[in-house]
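Starting from two chains that each stand alone, build the complex the way the hints lay out.
Chains A and B, in that order, give the protein sequences. All residue numbers for the first sequence refer to my numbering, where the first residue is 1 and numbers rise by one. All residue numbers for the second sequence refer to my numbering, where the first residue is 1001 and numbers rise by one.
Listed below are several chain B residues computed to face chain A (Cβ distance under 10 angstroms; list not exhaustive):
{"#": "1", "residue": "Leu1072"}
{"#": "2", "residue": "Glu1092"}
{"#": "3", "residue": "Ile1099"}
{"#": "4", "residue": "His1117"}
{"#": "5", "residue": "Tyr1131"}
{"#": "6", "residue": "Phe1139"}
{"#": "7", "residue": "Asn1140"}
{"#": "8", "residue": "Ile1175"}
Only pairs whose alpha carbons sit at most 25 angstroms apart, straight line, appear in this in silico DMTMM-like list of lysine to aspartate or glutamate:
{"#": "9", "chain 1": "A", "residue 1": "Lys305", "chain 2": "B", "residue 2": "Glu1084"}
{"#": "10", "chain 1": "B", "residue 1": "Lys1109", "chain 2": "A", "residue 2": "Glu208"}
{"#": "11", "chain 1": "B", "residue 1": "Lys1115", "chain 2": "A", "residue 2": "Asp243"}
{"#": "12", "chain 1": "A", "residue 1": "Lys91", "chain 2": "B", "residue 2": "Glu1026"}
A few chain A residues that face chain B, going by a derived Cβ cut-off under 10 angstroms, partial list only:
{"#": "13", "residue": "Cys10"}
{"#": "14", "residue": "Thr15"}
{"#": "15", "residue": "Ser47"}
{"#": "16", "residue": "Ala48"}
{"#": "17", "residue": "Val50"}
{"#": "18", "residue": "Met51"}
{"#": "19", "residue": "Asn54"}
{"#": "20", "residue": "Arg62"}
{"#": "21", "residue": "Ser84"}
{"#": "22", "residue": "Pro168"}
{"#": "23", "residue": "Glu193"}
{"#": "24", "residue": "Cys195"}
{"#": "25", "residue": "Asn203"}
{"#": "26", "residue": "Val206"}
{"#": "27", "residue": "Met239"}
{"#": "28", "residue": "Ile280"}
Hints in this document: simulated from the structure, not taken from any laboratory. Virtual Cβ for every residue (Gly too), placed ideally from N, Cα, C.
These are the residues of each chain, in order.
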Amino acid sequence: MNKLTYFPGCSAHGTSEEFDHTLKLVMKTLDVQMEEIPDWNCCGATSAHVMTENLALALPMRNLVLAEKLENKTMGIACASCYSRMKVTKKHLDEHPDLAHKINTTIIDEGEYKGDIDVKSMLQYCFEEIGPEVIKSKVTKPLTGLKVACYYGCLLTRPKDVTHFDSPEYPMSMDILMEALGAKAMEFDFKTECCGASFSISNTDVVESLSGKILEVAKESGAHMIVVACPLCQSNLDMRQPDIERHTGQKFALPVMYFTQLMALAFGFPEKELKLPKHIVPVQEALSHIGEIEPTPEKVKKTKKAVEAESEVE
Amino acid sequence: MITLGLQDQNTFLEAVNKKSGANVLECYQCGKCVSTCPVSGYMDFPPREIMQMIKLGLKEETMMANSMWFCLTCSACSGRCPREIDIPAVMEAIRHLAIEENYRSDNKKVKEIRKFHDIFLDMVKRYGRNYELRMMAEFNIRTRNLFKDMHLAPKALLKGKITIGHESTKSAKAIQKMYKLAGKLEKGEK
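Only chain B is shown next, with the shape it has when bound in the complex (with noise of 0.2 angstroms):
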């Protein structure tokens, strides 16, 4: 059922109001956000479309886009917003609640996106901190796509750009602890 307007009938906009702290009801459709976008062009829902699909109560189509896993958080947006609304916070919403209720599109560069977010939050339990040839291989390797950027490696390598040893945080294991409690204060709170 389309309910415009009538906020306590649309949950999914109450959803992402609440979780964002934004009130998407503002946006009057402009469409300076897409043409400020440096990646709109990827996006199947430019910003200024979510926005409405969200007025609309269109839950499982935005759940379902790419635009908020193709979104950089630039700020560009929101900062010529004439309504000043936050929308990288709209789209982190949504990217949430598409992770906590399960929604997982097929888009090919979506599930890459994701992925890499995973070996990167995995690196970050595992060190406490990052490193950067290790997550492009285990990138490549989990993609199943070994030899992108493979062409970089030697100069790189060779330069010092990047670096094959890593150091670790002495408390590593407060990391592995916080990981494991905020996973638990996240389950508590659904």
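Here chain A stands alone, though its shape is the one from the complex (with noise of 0.2 angstroms):
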């Protein structure tokens, strides 16, 4: 039984219920038990950090304290930009002792911070210390036949000095996760191009341009859906794709799942609890693509991009 502290994030109890109730689902599954952090608080993003500079680091560092005294090596997120925060702080406390102590004696009373604990996405945490040959072994219900494009977004990857995570251009580690459960994970050129995140509710044309050329290049690839590992590129990507659709006269009709829904699917939790109603763009469609049996299977080249690229990951 490995342990975990996890930090949900404030959309896990809204937009992303789905992520974090398949999360809590497959974790268990891989023998994973999860301990949320007692009374944890937003991290500030995206805001805080365009707005304020001690506020930007005391909101995450709160959560990080907190944290801490759970004594779990270490601390897995949901949401992509509660991870990018995180991360971006606790480099910047480690790398300045001095306002780390100053912002931890003035401003936040639970306690001293200490900087000891490892902070992952779930999506890492799955990738690294889990592994897909591990994750192979649980499916009971492969998802063969089933073309997902992995779309991992901004966060999850870049800065690459701050994540040390896969490869900030062209990553590979969802993509291998998605083959373990049998699906077949297509070339997608825009897995890191940005949705427009942040600009959701205040700039929504900036969104839809955005997340309108994602969606075009991934219906492309010849994928049936969009697979994220982020509640605002899910958000962006499903909720807005009407709008996307009406204002472009494109078709895409293209569902936005979370990893770990295709995960739960693909371990043999029922389809009930993937809360396939709460998407925008309807998924059955895509689904029923499983078990379809392609033509060559086996004999999929990759591209000496996707070579690359994997061979970095490693």
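Structure below.
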């Protein structure tokens, strides 16, 4: 039994409830015990760092202090934005011990910051700590026939000196996990393009334009759906998709699922556990491809780019 | 006065470098950031020009630009910059300088973006956490655009995509105290 300190983030109890729910299911199957940080607070993403300096560090720091009290080696974060803020803060605090001490002693009441917890995104945790082999061993209902475009967004792998995870240009970890589930990960050039995340409410034109391009390229890849690991990416690509279709005249009909939903499905959990009715773009049609037999499933040739990126991951 | 390259005479450049931890002088104007940036098309001065403006000490023009408000901190530019300059940190530094020194752009989008961030931070101050529906509603009220995104609401609510209720952290009070202390600390540093 592995133990993991868990930071869900604000959207886990709202827009990304299906992520939180399926994450808990699959972690149980994988024998990981998740301990949620008691009384965690919003990390401030994405506004605190835009507007302030000290508060931008203090909000994530309070969570780090609370997390360290649970005495697990690693803290796993569901939301990519929270993950990024937590990692950036941790790096900054660890590089500037004087600043860390100042904020710790003047702003935070919850105790001493030690800086001894490892922060990982849940995708990173699944890939590095559990590994595709173990995940493959838990599959009871392979997703054969399902074609997916894995979309990482900007914050899971960038900046490289903050995340230290996968390739910032052409990551493969989620692709490898999806192949472990039996699905086919398609070549997809917009894996790490930004969806416009933090402008979701204040600047919808930008979100529609950026997310529109991602949908377009994902559609061209031949994928039945987009797989994500970030609640902001999910809601931008899913909830805004009908508007993007209306404004561009294109028809995408591309459902956007969390990687944990597909893991849960492949691990044999019933469909109702995936909370599919929460999706704005219907999922059923895409899932009906599961079980279709590919003409030459083994001889899928990866391009040079994919092979290079894969070796970089290793 | 234009003082290109003379760091000791360009106090603006000095301030940006100090705040961001980057060295803007290292930029050799290749423009890779501009072609990489997903929002450079929306900026009045794309990142390359901002870098040059800082080098030239054009403080007023830089402070009133919309560029730093449009930056998404996606770090695509810094990942590809051949000089490995942390451009998002530079954008953040000039944004913070603009706030501290009270530069306010009349650009409608900049005003809306700033308003959104204010609402977001207010929400976290009140509850310790954030609630999407409330935030959307408040944004619409405070930008006097009541019907923005309203067509999405029924479906999103019906499907449970957005929830009405919300929870607070037990220590919302502790967060409020943090805001106060962080504000004090910032004032003390000025």
